[in-house]
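Asks: Using the sequences plus the hints, can you model the full thing?
In the numbering used here, each residue carries its 1-based index in the sequence shown increased by 1240.
Just so you know, the hints here were simulated from the structure itself, not pulled from any lab data. Certain hints may be false.
Said to hold, decoys possible - Computed list of lysine to aspartate or glutamate pairs in DMTMM-like fashion (alpha-carbon distance at most 25 Å, straight line):
#1 K1255 with D1244
#2 K1325 with D1280
#3 K1325 with E1300
#4 K1325 with D1268
#5 K1255 with E1300
#6 K1325 with E1273
#7 K1255 with E1273
#8 K1255 with D1280
What the hints assert, rightly or not - Listed next, with one range per pair, are the computed distances between beta-carbon atoms:
#9 M1241 with K1325: 22 to 30 Å
#10 D1323 with E1300: 33 to 41 Å
#11 G1279 with P1306: 21 to 29 Å
Cβ coordinates follow ideal geometry from the N, Cα and C atoms, glycine included.
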Amino acid sequence: MTLDPRVDIGHVHLKVADLDRALGFWRDVLGFEEQARMGDQAAFISAGGYHHHVGLNTWESQGGSPPPPGTTGLYHVAVRFPDHKTLAE
1241 MTLDPRVDIG
1251 HVHLKVADLD
1261 RALGFWRDVL
1271 GFEEQARMGD
1281 QAAFISAGGY
1291 HHHVGLNTWE
1301 SQGGSPPPPG
1311 TTGLYHVAVR
1321 FPDHKTLAE
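Replies: Laid out in structure tokens, this is it:
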């Protein structure tokens, strides 16, 4: 089976231990825009006004620690900027 080339990923949710710390990186460092927030439990961020590319939530992870080595789960996410100048801005 070949996947239709119009298919894309709508959004990803990441469980985080500290929502404000996560927003400090995704919003304040990388420049994603906060689209919606659910108190200290979740935030939804995007680029270009999309409803959300990334959901950050503490629903089952608030105050948690990183998983130990050898644990399965998401290992890598690539955020693609058009060029180095845009990243530097």
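Asks: Against each hint, give a clear statement of whether it holds in the structure.
Replies: Now the hints, each set against the structure:
1. K1255 with D1244: It is violated: about 29 Å lies between the C-alpha atoms, which goes past 25 Å.
2. K1325 with D1280: 33 Å, violated
3. K1325 with E1300: Not satisfied, since the Cα-Cα distance of roughly 37 Å exceeds 25 Å.
4. K1325 with D1268: 17 Å, holds
5. K1255 with E1300: 7 Å, holds
6. K1325 with E1273: 19 Å, holds
7. K1255 with E1273: Judged against 25 Å, a Cα distance of about 18 Å means the pair holds.
8. K1255 with D1280: 13 Å, holds
9. M1241 with K1325: 22 to 30 Å: Hint violated: Cβ distance 40 Å, outside 22 to 30 Å.
10. D1323 with E1300: 33 to 41 Å: At 38 Å between Cβs, range holds.
11. G1279 with P1306: 21 to 29 Å: The hint (21 to 29 Å, Cβ to Cβ) holds, given that G1279 and P1306 are roughly 24 Å apart.
This entry does not satisfy hints 1, 2, 3, 9, going by the numbered hints stated previously.
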